[in-house]
Amino acid sequence: MAENTGKLKAAERMKIERQVMPSADASLRSHTFEEVNMGMAEQIAMLEAKRCLECKNAKCIVGCPVNVNIPGFVSRLAEGDLPGAAEILTGCNALPCVSGRVCPQEKQCEAVCIRGNKGAAVAIGYLERFVADWAMAHRNGSAAASPQPSGYKVAVVGSGPAGLTAAGELAKKGHKVTVFEALHKPGGVLVYGIPEFRLPKEIVRKEVENLERLGVEIVCNVIIGQTYTIDQLMNEMGYHAVFIANGAGLPVFMGIPGENFKGVYSANEYLTRVNLMQAYDPNAATPVLRAKQVCVIGGGNTAMDAVRVARRLGADPATLVYRRSRAEMPARAEEVHHAEEEGVTFQMLTNPVQIVGDEKGWVKGIICQKMELGEPDAKGRRRPVPIPGSEFEIPCQVVVEAIGTKANPLLTATTPDLQVNEKGYIVVDENNMTTKPGVFAGGDIVRGAATVILAMGDGKRTAAAIDSYLKTSVQLPN
Amino acid sequence: MGYQVVESVWLAPNVRKLKVSAPHVTRNCGPGQFVIVRATPDGERIPLTIGDADRESGTITLFIQAIGKSTTDLCALESGGSICDVAGPMGRKTDINHVGHAVIVGGGVGTAVIYPQAKALKEKGNYVSAIIGGRSKPYVILEEELKKVCDAVYPCTDDGSYGFKGFVTQRLQQLIEESTENKVAEVITAGPVPMMRAVAEVTRPYGIHTVASLNPIMVDGTGMCGGCRVQVGSTMKFACVDGPEFDAHQVDFKELSDRLSAYRDHEQKCMATVK
Ligand SMILES: Cc1cc2nc3c(=O)[nH]c(=O)nc-3n(C[C@H](O)[C@H](O)[C@H](O)COP(=O)(O)OP(=O)(O)OC[C@H]3O[C@@H](n4cnc5c(N)ncnc54)[C@H](O)[C@@H]3O)c2cc1C
Ligand SMILES: Cc1cc2nc3c(=O)[nH]c(=O)nc-3n(C[C@H](O)[C@H](O)[C@H](O)COP(=O)(O)OP(=O)(O)OC[C@H]3O[C@@H](n4cnc5c(N)ncnc54)[C@H](O)[C@@H]3O)c2cc1C
Ligand code: SF4
Ligand code: SF4
Ligand code: FES
Numbered sequence: 332m333a334e335n336t337g338k339l340k341a342a343e344r345m346k347i348e349r350q351v352m353p354s355a356d357a358s359l360r361s362h363t364f365e366e367v368n369m370g371m372a373e374q375i376a377m378l379e380a381k382r383c384l385e386c387k388n389a390k391c392i393v394g395c396p397v398n399v400n401i402p403g404f405v406s407r408l409a410e411g412d413l414p415g416a417a418e419i420l421t422g423c424n425a426l427p428c429v430s431g432r433v434c435p436q437e438k439q440c441e442a443v444c445i446r447g448n449k450g451a452a453v454a455i456g457y458l459e460r461f462v463a464d465w466a467m468a469h470r471n472g473s474a475a476a477s478p479q480p481s482g483y484k485v486a487v488v489g490s491g492p493a494g495l496t497a498a499g500e501l502a503k504k505g506h507k508v509t510v511f512e513a514l515h516k517p518g519g520v521l522v523y524g525i526p527e528f529r530l531p532k533e534i535v536r537k538e539v540e541n542l543e544r545l546g547v548e549i550v551c552n553v554i555i556g557q558t559y560t561i562d563q564l565m566n567e568m569g570y571h572a573v574f575i576a577n578g579a580g581l582p583v584f585m586g587i588p589g590e591n592f593k594g595v596y597s598a599n600e601y602l603t604r605v606n607l608m609q610a611y612d613p614n615a616a617t618p619v620l621r622a623k624q625v626c627v628i629g630g631g632n633t634a635m636d637a638v639r640v641a642r643r644l645g646a647d648p649a650t651l652v653y654r655r656s657r658a659e660m661p662a663r664a665e666e667v668h669h670a671e672e673e674g675v676t677f678q679m680l681t682n683p684v685q686i687v688g689d690e691k692g693w694v695k696g697i698i699c700q701k702m703e704l705g706e707p708d709a710k711g712r713r714r715p716v717p718i719p720g721s722e723f724e725i726p727c728q729v730v731v732e733a734i735g736t737k738a739n740p741l742l743t744a745t746t747p748d749l750q751v752n753e754k755g756y757i758v759v760d761e762n763n764m765t766t767k768p769g770v771f772a773g774g775d776i777v778r779g780a781a782t783v784i785l786a787m788g789d790g791k792r793t794a795a796a797i798d799s800y801l802k803t804s805v806q807l808p809n
Numbered sequence: 004m005g006y007q008v009v010e011s012v013w014l015a016p017n018v019r020k021l022k023v024s025a026p027h028v029t030r031n032c033g034p035g036q037f038v039i040v041r042a043t044p045d046g047e048r049i050p051l052t053i054g055d056a057d058r059e060s061g062t063i064t065l066f067i068q069a070i071g072k073s074t075t076d077l078c079a080l081e082s083g084g085s086i087c088d089v090a091g092p093m094g095r096k097t098d099i100n101h102v103g104h105a106v107i108v109g110g111g112v113g114t115a116v117i118y119p120q121a122k123a124l125k126e127k128g129n130y131v132s133a134i135i136g137g138r139s140k141p142y143v144i145l146e147e148e149l150k151k152v153c154d155a156v157y158p159c160t161d162d163g164s165y166g167f168k169g170f171v172t173q174r175l176q177q178l179i180e181e182s183t184e185n186k187v188a189e190v191i192t193a194g195p196v197p198m199m200r201a202v203a204e205v206t207r208p209y210g211i212h213t214v215a216s217l218n219p220i221m222v223d224g225t226g227m228c229g230g231c232r233v234q235v236g237s238t239m240k241f242a243c244v245d246g247p248e249f250d251a252h253q254v255d256f257k258e259l260s261d262r263l264s265a266y267r268d269h270e271q272k273c274m275a276t277v278k
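Chain order of the listed sequences is A and B. Last residue of the first sequence: number 809 in the working numbering, and the count goes up by one each step with no gaps. Last residue of the second sequence: number 278 in the working numbering, and the count goes up by one each step with no gaps.
Calculated directly from the structure, the hints in this document are not laboratory data.
In silico DSBU-like pairs for lysine-lysine, Cα to Cα no more than 35 Å straight-line:
1. B/K257 x A/K695
2. B/K257 x A/K691
3. B/K272 x A/K516
4. B/K240 x A/K767
5. B/K240 x B/K125
6. A/K691 x B/K240
7. A/K484 x B/K22
8. A/K737 x B/K96
9. B/K96 x A/K507
10. A/K701 x A/K754
11. B/K96 x A/K767
12. A/K737 x B/K240
13. A/K695 x B/K272
14. A/K346 x A/K390
15. B/K240 x A/K516
16. A/K516 x B/K22
17. A/K710 x B/K240
With the sequences and hints as input, model every part of the structure.
Listed below in structure tokens is the structure:
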């Protein structure tokens, strides 16, 4: 390879085409839960890295919600210095194996990449994944020199990306961290929501193990608000600060007739059964209904995951029903593309108005209305308007609703001094502190359903804020 | 690892009482609440009522009726065994008020589900009657325990082998009619869906406030999946966080019983691996 031939000139960099991510054959993978993207070979990743112009005014860094030093790690990779690249990347981003796989890069770092002004943007997400996977494979047992214990105890509520990131950062500062998780397995949406074929659970497990090596204690089966209240954590159990990162897990149903027929699922239930409870294996203890015809309603990442799961469980057709057009779908572009390759049917500009069932209570179809795009709404998205008289029925035996989530009131209801907004999301100040002193919050429970990287960003920023809060406001007994 | 079983006894041919070490659950739990349990690392998450809790020893008591794979696995546990996961407490605590005469109506393992309510109602100074049913004598459970916390206990059996011959609903009807001085003010019921539905129909004409402890299929128990949804009046409720107890006169029992049959094929297949 050309590692030692000195730096390439910009013109040479511009000549290199964007490298492609090898993916499993669509006709085979649409029947298995193996990871779709297979990862780049080292030479290919290095070649892709050489496309980066190493801009002085690197717009990509600003496009990334956690400001990863992209030219920094990419230039090391281009030189073949993988340990150097890994050090820079993991210093900026606590879970790069995850973000490299699930970030909506095309709307973030890659959207503003200067290389993209002429030709394609640098494949930053793929390079991030490459370096992160290398780093994980070469991680040595001693996670980091364990710091001097600070004497402070911090409780983290929820083990999704926000909670895990904060726990790691706080542990590195010497604080004693306990993560409380309601489910039996840590990871939040990363384990119960996002399927194996996009994010192997092994990766999440290894990240969690790494945190445990840093001294973080993870306690599952504890529902804060029920098992212990926030006040008990602080007044009786000796925690000096609490970080609430319990996500936005309450599913929204459409409110149309027929939603309680057997075979109607929220995406959360469908995906939880398949991912967390392993119902992709027909011999698992937890069942999931498999049907010939499955309709998934929605257009986001959750809908895309559900419809691709349905396909893998044997649905033919597996149909995605969305009320706007393809251009408005909020899902990651790569997922839409992969879904299409896997044979998912897209039924766009279509809005369900009723679910119909048979006399035994099983779903047999959904009645839909055709839509057309009207005037743009406040966000500039064109509003779908029903076309009168356009009703038609799509036959199906399973319906999955993936139209969004709202704030879960379980915790906030038992903590009345925690201010929430009209939608139930927790109100925080610029340091992510809530209206209750010493209690901080971040991730989806503050933002509403957002992204993994924003949740991780919140975890990192809040950990820093908690650290300074502890040092300035909490006196330890000597 | 896991949660230790410290005591295990059969109460009926198909109902086992397990005392389990789960100190975290005992801290805040109250009547009406439940835990979600996973027997083994590849097991299902299933809801079970907290039949009793002792904060001092950090133990909870579960009463489990073996009806399928998961409950059969749990009923096979002996003292010294362990349960992989015990999460909770979940659900709301029962609203316990001073009403005068309160009646609890339990069928099968439902008797265990409302045992904590009976205790709490008595502690609030109510006159508490318990009507408990089983198909025949060995299936009537917790009679002795209930006698200690109730003013009157009326066992019923379908075949008349013990106590009142007939359904708990027939005995309830009688009790309501008999209690002219000490009028029945509230009924709390738990058991098979058809029984709870029938109880609601008995009390409806009298306008007696009636609460049913519902048992839909659950997954997480934290409000995250919506699988436990039940129709109560005109609103959809999630039983794990809004319940599990609801106004029995408002519940759509037909739909509940229908939804409980969603996985019958799979359940039968799983049971075949047990036997
Ligand atoms: C199916 C699906 C696909 C997605 N795909 C993408 C994607 O491709 N890219 C992307 O960027 N984003 C994606 N998202 C969004 C992203 O996953 C979320 O924004 C992110 O996970 C939020 O992180 P969090 O840490 O705030 O909460 P979560 O990940 O929701 O984790 C919260 C955790 O807290 C636990 N918890 C809740 N209440 C309590 C309590 N009272 N006590 C203790 N524990 C509690 C929960 O069990 C859970 O484990 C997707 C979301 C879903 C549902
Ligand atoms: C809040 C709550 C509290 C409960 N408390 C108790 C308790 O204290 N003791 C106890 O023994 N059981 C209790 N149950 C019921 C218990 O959870 C189920 O019996 C159990 O999930 C069945 O699992 P399985 O694998 O053994 O049987 P499965 O194979 O899943 O089911 C076997 C049969 O039982 C029916 N069934 C499935 N799920 C339920 C259910 N949730 N309730 C009733 N029938 C069901 C099915 O239709 C099927 O015919 C409670 C349920 C809820 C929701
Ligand atoms: S974390 Fe996401 S946005 Fe940031 S550089 Fe990585 S892929 Fe891009
Ligand atoms: S903007 Fe694009 S080309 Fe410039 S440094 Fe960032 S990744 Fe490289
Ligand atoms: S069991 Fe999932 S919401 Fe109730």
